[in-house]
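Residue numbers (the UniProt record's numbering): 1 to 230.
Because the hints were derived from the structure by calculation, they are not lab data.
From a predicted model like this one, the values you see are computed outputs, not experimental measurements.
Where is the CB? At the ideal position from N, CA and C, for every residue including glycine.
Be a bit skeptical, because a hint or two may be false.
With beta-carbon atoms standing in for the labels, derived distance ranges [stated by the list, open to error]:
hint, residue 1, residue 2, range
1, TYR60, TRP196, 22 to 28 Å
2, PRO86, THR187, 34 to 40 Å
3, SER149, VAL107, 21 to 27 Å
4, ARG159, TRP59, 16 to 22 Å
5, SER149, TRP196, 46 to 52 Å
6, GLY131, MET167, 36 to 42 Å
7, ARG159, LYS220, 29 to 35 Å
8, ASP55, GLY229, 33 to 39 Å
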Amino acid sequence: MHLTSLEMEGVGVGAEVPEGEEVENDNSVGDVGKSREALVEEKEDHRGLLYSIEDNPPWYTCIFLGLQHFLMMVESTVSIPYLLTPLMCMAATDPARGAIASTIIFVSGLVTLLQTTFGVRLPIVQGGTHGFLSPILAILTLLPCPPESELATLDASEREALWQARMTHVQGAICVAAVFQVLVGFTGAIGVLLKWISPLVIMPTVTLIGFSLFTVATDKAASHWGISGV
Numbered sequence: 001m002h003l004t005s006l007e008m009e010g011v012g013v014g015a016e017v018p019e020g021e022e023v024e025n026d027n028s029v030g031d032v033g034k035s036r037e038a039l040v041e042e043k044e045d046h047r048g049l050l051y052s053i054e055d056n057p058p059w060y061t062c063i064f065l066g067l068q069h070f071l072m073m074v075e076s077t078v079s080i081p082y083l084l085t086p087l088m089c090m091a092a093t094d095p096a097r098g099a100i101a102s103t104i105i106f107v108s109g110l111v112t113l114l115q116t117t118f119g120v121r122l123p124i125v126q127g128g129t130h131g132f133l134s135p136i137l138a139i140l141t142l143l144p145c146p147p148e149s150e151l152a153t154l155d156a157s158e159r160e161a162l163w164q165a166r167m168t169h170v171q172g173a174i175c176v177a178a179v180f181q182v183l184v185g186f187t188g189a190i191g192v193l194l195k196w197i198s199p200l201v202i203m204p205t206v207t208l209i210g211f212s213l214f215t216v217a218t219d220k221a222a223s224h225w226g227i228s229g230v
């Protein structure tokens, strides 16, 4: 029987292996080649992106992109009090409208800072949601404002009590909805409901919410379509 000597990983120098027996090849070289090919493919996939997930843009670019993100999100946040304050019987010149808009901007910035620092730590903005607008509009529609002639006779304190009473109705409804949402998530019932809640159900719901706000949006945009388009 002829013997041969091999020098390989796992086989000592001069180790004798019977001729005709197969020796397992070292796949480390092949693995390195495959890893290099994977890196090349990953780089090619990122060729269309300026920055990948692991990249850090320059500080001046971060400031510019953050300002762009803010300008796009603040419009959505400010539109909520802008749509709701007329239904709360507030006058167009009422200083409380500015206070409510300032409050929602401040709270959104505070919650965003906490979420991006200690919470999910993702570049997201925590603002008001338009999903509640439809039920809030339905609630406020059930509480119609007094006639303009009667509103003109009210002083500042009476006007404040008028819109604050309507805001308490809205706040109570939101609190009840929040408690219900917490219970659904805590009990795991959402997992059962997801069997019937599919994208085919969610998409018409979101579309109907947009349609419900169409009348309000066109009423506000009709004052100047050019500015509204911008």
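Here's how the hints hold up against the structure:
no.	hint	in the structure
1	TYR60 x TRP196: 22 to 28 Å	violated (49 Å)
2	PRO86 x THR187: 34 to 40 Å	holds (39 Å)
3	SER149 x VAL107: 21 to 27 Å	violated (36 Å)
4	ARG159 x TRP59: 16 to 22 Å	violated (47 Å)
5	SER149 x TRP196: 46 to 52 Å	holds (51 Å)
6	GLY131 x MET167: 36 to 42 Å	violated (19 Å)
7	ARG159 x LYS220: 29 to 35 Å	violated (22 Å)
8	ASP55 x GLY229: 33 to 39 Å	holds (36 Å)
Hints 1, 3, 4, 6 and 7 from the earlier list are contradicted by this structure; the remaining hints agree with it.
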